[in-house]
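Novice: Using the sequences and the hints given, assemble the complete structure.
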Amino acid sequence: MSWSKPKMKMNRRRFLKGAAGASLALPLFSSLQPRSSKAATTYKKRILFIYMPHQETTGFAPDASYSFSGSYLAPLAAKYASQMLVLNDMKTVGQGHGGGHSEWLTGFPGGDDARPQPTQGPSLDVYMAKRLDGQTPLHQLNFMASWRTSLNVGVTSWNEGANPTAIPGINDPVMAFTSVYGTNPGTTTPGQPDHSLVLRGSLLDALDKDYARVNAKLSTADRRLLDQHLSLVRDQEKTLQRMIQTPFSCSGAAGKPGTNLNLQDQIKSFMDTIIGAFRCDATRVATLAFGCCGDDSSYTFVDPAAKNYHDDVAHGSPALVKKVRQWQYGQIAYLCDQLAAVSDGDGTLLDHTLIACLPELGWFPDNNMLTYLDSTGRSQTTDNNHLRFQVPTVLVGSSGGFFKTGRFVDMQQAHYHNLLLTLAHAMDFTDLTSFGSMGTARLTQLTA
Amino acid sequence: MGAALLLGGCTGQIGGHPATIQPSGTGGSSNPSGGPPGSIDIDTPTADSVGPAWQRRLTKTEVGNSIQALTGVMPAAVADLPAESVDYDFDRVTQSQTVADQHIATYLTIGDQVVSALTDAKIGTLAPSCTTIDRTCASSLIDTLGPRAFRGPVDPDQKTTMLSLFDGGATPREGIDQIIRFILQSPTFIYVIERGTPVAGQQGIYALTDYEIAARLSFLSCETVPDQPLMDAAAAGQLHAPDQIAAQATRLFAQPCAHQMTGRFLSQWLKLDRLTTVTPDAATFPQFTADLRAAMQAEDSAFLEDVVWTSGGTVNTLFNANYSFIDQRLGSIYGISGLGSTPTKVTLPPERLGILTHASVLTAFSNPASTSPVRRGGYVYRKILCQDIAPPPATAGLDLSPPMDDPTKTTRERYELRTGSGVCGTCHTLFNPIGYSMENFDAIGRVRTTDNNLPIDATGAMPTFNVTGLDGGASLSAAVAGRDETLICFGRKWLRYGLGRSETQADATSIKAVVELTRNSASIRDAMVALTQTYAFTHRAEAVDTGAMP
Numbered sequence: 473m474s475w476s477k478p479k480m481k482m483n484r485r486r487f488l489k490g491a492a493g494a495s496l497a498l499p500l501f502s503s504l505q506p507r508s509s510k511a512a513t514t515y516k517k518r519i520l521f522i523y524m525p526h527q528e529t530t531g532f533a534p535d536a537s538y539s540f541s542g543s544y545l546a547p548l549a550a551k552y553a554s555q556m557l558v559l560n561d562m563k564t565v566g567q568g569h570g571g572g573h574s575e576w577l578t579g580f581p582g583g584d585d586a587r588p589q590p591t592q593g594p595s596l597d598v599y600m601a602k603r604l605d606g607q608t609p610l611h612q613l614n615f616m617a618s619w620r621t622s623l624n625v626g627v628t629s630w631n632e633g634a635n636p637t638a639i640p641g642i643n644d645p646v647m648a649f650t651s652v653y654g655t656n657p658g659t660t661t662p663g664q665p666d667h668s669l670v671l672r673g674s675l676l677d678a679l680d681k682d683y684a685r686v687n688a689k690l691s692t693a694d695r696r697l698l699d700q701h702l703s704l705v706r707d708q709e710k711t712l713q714r715m716i717q718t719p720f721s722c723s724g725a726a727g728k729p730g731t732n733l734n735l736q737d738q739i740k741s742f743m744d745t746i747i748g749a750f751r752c753d754a755t756r757v758a759t760l761a762f763g764c765c766g767d768d769s770s771y772t773f774v775d776p777a778a779k780n781y782h783d784d785v786a787h788g789s790p791a792l793v794k795k796v797r798q799w800q801y802g803q804i805a806y807l808c809d810q811l812a813a814v815s816d817g818d819g820t821l822l823d824h825t826l827i828a829c830l831p832e833l834g835w836f837p838d839n840n841m842l843t844y845l846d847s848t849g850r851s852q853t854t855d856n857n858h859l860r861f862q863v864p865t866v867l868v869g870s871s872g873g874f875f876k877t878g879r880f881v882d883m884q885q886a887h888y889h890n891l892l893l894t895l896a897h898a899m900d901f902t903d904l905t906s907f908g909s910m911g912t913a914r915l916t917q918l919t920a
Numbered sequence: 015m016g017a018a019l020l021l022g023g024c025t026g027q028i029g030g031h032p033a034t035i036q037p038s039g040t041g042g043s044s045n046p047s048g049g050p051p052g053s054i055d056i057d058t059p060t061a062d063s064v065g066p067a068w069q070r071r072l073t074k075t076e077v078g079n080s081i082q083a084l085t086g087v088m089p090a091a092v093a094d095l096p097a098e099s100v101d102y103d104f105d106r107v108t109q110s111q112t113v114a115d116q117h118i119a120t121y122l123t124i125g126d127q128v129v130s131a132l133t134d135a136k137i138g139t140l141a142p143s144c145t146t147i148d149r150t151c152a153s154s155l156i157d158t159l160g161p162r163a164f165r166g167p168v169d170p171d172q173k174t175t176m177l178s179l180f181d182g183g184a185t186p187r188e189g190i191d192q193i194i195r196f197i198l199q200s201p202t203f204i205y206v207i208e209r210g211t212p213v214a215g216q217q218g219i220y221a222l223t224d225y226e227i228a229a230r231l232s233f234l235s236c237e238t239v240p241d242q243p244l245m246d247a248a249a250a251g252q253l254h255a256p257d258q259i260a261a262q263a264t265r266l267f268a269q270p271c272a273h274q275m276t277g278r279f280l281s282q283w284l285k286l287d288r289l290t291t292v293t294p295d296a297a298t299f300p301q302f303t304a305d306l307r308a309a310m311q312a313e314d315s316a317f318l319e320d321v322v323w324t325s326g327g328t329v330n331t332l333f334n335a336n337y338s339f340i341d342q343r344l345g346s347i348y349g350i351s352g353l354g355s356t357p358t359k360v361t362l363p364p365e366r367l368g369i370l371t372h373a374s375v376l377t378a379f380s381n382p383a384s385t386s387p388v389r390r391g392g393y394v395y396r397k398i399l400c401q402d403i404a405p406p407p408a409t410a411g412l413d414l415s416p417p418m419d420d421p422t423k424t425t426r427e428r429y430e431l432r433t434g435s436g437v438c439g440t441c442h443t444l445f446n447p448i449g450y451s452m453e454n455f456d457a458i459g460r461v462r463t464t465d466n467n468l469p470i471d472a473t474g475a476m477p478t479f480n481v482t483g484l485d486g487g488a489s490l491s492a493a494v495a496g497r498d499e500t501l502i503c504f505g506r507k508w509l510r511y512g513l514g515r516s517e518t519q520a521d522a523t524s525i526k527a528v529v530e531l532t533r534n535s536a537s538i539r540d541a542m543v544a545l546t547q548t549y550a551f552t553h554r555a556e557a558v559d560t561g562a563m564p
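Chains as they are written, first to last, in the numbering used here: chain V, 473 to 920; chain H, 15 to 564.
Treat the hints loosely; a few may be bogus.
[Said to hold, decoys possible] The calculated DSS-like cross-link candidates involving lysine-lysine, where the alpha carbons are at most 30 Å apart (straight line), are:
{"#": "1", "chain 1": "H", "residue 1": "K74", "chain 2": "V", "residue 2": "K689"}
{"#": "2", "chain 1": "H", "residue 1": "K285", "chain 2": "V", "residue 2": "K689"}
{"#": "3", "chain 1": "V", "residue 1": "K779", "chain 2": "H", "residue 2": "K173"}
{"#": "4", "chain 1": "V", "residue 1": "K876", "chain 2": "V", "residue 2": "K794"}
{"#": "5", "chain 1": "H", "residue 1": "K359", "chain 2": "V", "residue 2": "K710"}
{"#": "6", "chain 1": "V", "residue 1": "K710", "chain 2": "H", "residue 2": "K285"}
{"#": "7", "chain 1": "H", "residue 1": "K74", "chain 2": "V", "residue 2": "K681"}
{"#": "8", "chain 1": "V", "residue 1": "K740", "chain 2": "H", "residue 2": "K74"}
[Claimed, not checked] Short derived list, chain V residues pointing at chain H, Cβ under 8 Å:
{"#": "9", "residue": "L671"}
{"#": "10", "residue": "R696"}
{"#": "11", "residue": "H701"}
Honestly, the hints are just simulated from the structure, not real lab data. The model shown is predicted, which means the values in this text are computed figures rather than measured ones. Ideal Cβ positions, reconstructed from N, Cα and C, are used throughout, including at glycine.
Specialist: Structure (structure tokens):
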């Protein structure tokens, strides 16, 4: 049940296909495995989902001897190959920017490119945050490095239920920082709140009253948004109260970021905020998007020709796709370095953090011509490089020995939704029996 | 009606029952366009009725404009507000709105930024008694800034609340800052709160107050709080009679901001923004550059501005204008030489007519390396003619991938093989032939006679309306321009945009009032003003709780 019969195959360029086409489980670097695979977790597990805009391409995976010398994952693999699980060829339901984006953490794709709203929530990060409710001061962090014009393309996280409401990621590093540390970190002592907090508290209290006053005059249906607004104002009040009563402190936190940061500094700042929050156990679930659905940010700092990620890179040049990805995985290496430098329980923070790098679109060959078998078994060729017939993934971290890392695994069309379910199990939510529209079984080929 | 029967399984119940309100995205699982209601029969009279909607949040643009109008400050944090959803075609439709943590956090930041940008001297200009920053100033500020920000009188409870916020400040200035923060985050500022007065004998229907009508007029025309003449007219009770409303609407529509509004409405209806999201394949179309894209956009803007504001054009003019505005960058695509660097009015070659043959539309509704009769036909059928198409059925094994490349066939032949018959053909036969008629244009909008070195077949039809004999994009444009469905579609979309909510059958009479004008060749500008004369513009219906909301 956990294995789906391979339906798709690449034409000659089939990506890293072994000679026999079988699963290519590369040698396990057992000596470098995390020390323990204890049944009982004695530390707190964290998870970070990273949204990688656009497609993966040739040069994603290691070679047959698990060498990353020709791969754009090299910056990460140079130090962390033994902690990585590199997966290729999972199947999905959604196609295109819209399908990929909405399916990303929900497993329920919906809408189109302009409106990538899933049909069902919650997203996996929101699910985990709810399960961990009350264990940390913050539910989760959700940051997005850039937005395009419509709200939904900037949303990776969704509330529960059918046609779920959006939870837009914070796209301002200062606001992201403030969401963890408050406006004046380090200046607040219990019971003696910063004066600005007192002012904000009375403002929120006044707004609370005013929303309640207005809402009372409207029918339940008429005040749909206003009720939601009031409840968010009350959340702010609660957060403020908590900051006043028991201020969250995190010594050694990175400083407050500056304003108007460029993309590199934004991403670094988001990472620093997440690392700090994990280190001080402000939350255990975070989502970071390098960019939005169909990201069109400038990557000229990687290459002068990469003026527009969507036009010049994703549609323009496979070489630039690799360069941008290489830079992105370099940032993830920075993140790992920082996590590895923090001791946490019996190991480091990196030992206790699972990082799931999941792309928006699928894998594509350099010539953007994909040959695949359709549902009737006919061979098809398409120049539509927005398809998700073969979705690859990079996981970093064993989640306490749950995953058998240090491998490249040809997933042979195992379902992406089963990966989502498996990530939930890795975080010890093993009572979850299904996730997404097709996730019903743990991917046992990945586990230790 | 015959057409409706013929459609059978192709018209889905997309986005909700016409008589009720559905939450954003209902049906969105399979409807790529979002959730607008299904068919509306404007000839079924619905006098004294109006479609329901819940209270609308000001858009990001409206918040920024309003704060600038009220305080003279445009806080940078407005840019941090989440972008608006574009469900229901437009960015200001209440059914697609949400409110999230980032809204609340950003409103707080916006408040902080406004008060730090306001000097004491500047505060002195906001209210008559603020030469000194004290409690008298506070009261005066509430009475001056409050009504315009709230688009109506300040509630006594609000004033009490604000004065106690003032009293909680460590200094008078701190107290004034708190009042300004409160005003800019109050529900009466952030939301378009409409209550009105109950209409006798009409359960759940309310006549809007003069202030509520003032707010509708102002947010519609200029996306900002009402100006002083509008506030004065509302205070004097002069916004009830249709001619008074028309006079204000005409005044407001003459302002530059109304030109921008018209551009936004028409480009969102016509999906012109889609051009920014597509990238033709560089190997197939090396001519396509960001510069060329900008030229296509410049053509559209200049054309719409001319049709609405210079030429006094009609809805049909959008589709059958034999002229456009081309610069030298586009000249090579259109085969017109001798042009300058800014768009110049030219007579179009005979192959082209109206917006459907603009390079922008032809490019936006193509695949990267080839045309897409499905996209082009679906666009005209659904967006311009407001016809519903149900999403592909959830049949197991139904192959939804694009047709395979085949050097021995034209694009038309490939699409015909894939979608022209069988399960797919059930619906595709209704709109593919519309797209086929545009096959004489390639994927970046150039006229062509061959495809894959094979002769083009650009004959087409609109089977739903028994229109046959189309041949080429210009013939399609002429056919679209003559259709009542196009005018009804304009009326529906304008009501949806103008009122910021999805239309329902209950709006039929109001939509018809706008459509009747367009049937009589009224200008787009007059048709737009006509919306303000409708029952739907001056009334509201309580939202219906369908029980389907989260």
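Novice: Which of the listed hints are broken here?
Specialist: Those not satisfied are hints 2, 3, 5, 6.
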